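Note that the numbering used here has the sequence shown beginning at 107, numbered continuously upward.
Check before you lean on any hint, since a few could be wrong.
[Stated by the list, open to error] Straight line, CA to CA, 25 Å or less: simulated PhoX-like cross-link-like pairs of lysine-lysine:
1. Lys213 to Lys193
2. Lys212 to Lys173
3. Lys211 to Lys193
4. Lys206 to Lys193
5. Lys193 to Lys212
6. Lys206 to Lys173
7. Lys211 to Lys173
These are computed hints drawn from the structure, not numbers from a lab.
Fair warning: this is a prediction, and the values are worked out from it, not measured in the lab.
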Amino acid sequence: MAPSSNVVDQARGLIEQRLSELDDERKRLEGALKDLGGRVGAGRPRGASGKKRRKRRGGTRAEQALKLITDNPGINPSDIAERLGIKPNYMYRVMNELQKDKLVKKKGRGYFTR
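Assemble the whole structure, with the sequences as input and the hints as a guide.
Okay, here's the thing in structure tokens:
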């Protein structure tokens, strides 16, 4: 068993040596980045999503749905979703929130403003 143990010890030693070299290289590169005025550290700063949110011209989906319900009493969520160009399952979630906020009421399959 001594020969296989020796191979494992050699492999472990080589890996530890390489990790040490990589640590030194990382420190050197972080120093160079800092000298260039860059950020040191992994990842994005907190709160940075990486993409900008676009603003809807017609307001939030709930506001858009509320306007459609006001203009078309009794309209159902599938029709609202079709007019807004979104999927119906998302519209049903929006409608549930509007109901919880007591902005609309459901009668049959249609919705009406309060």
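Okay, the hints, checked on the actual structure:
no.	hint	result
1	Lys213 to Lys193	holds, 22 Å
2	Lys212 to Lys173	holds, 15 Å
3	Lys211 to Lys193	holds, 21 Å
4	Lys206 to Lys193	holds, 21 Å
5	Lys193 to Lys212	holds, 20 Å
6	Lys206 to Lys173	holds, 17 Å
7	Lys211 to Lys173	holds, 14 Å
Hint violations for this structure: none, all hints satisfied.
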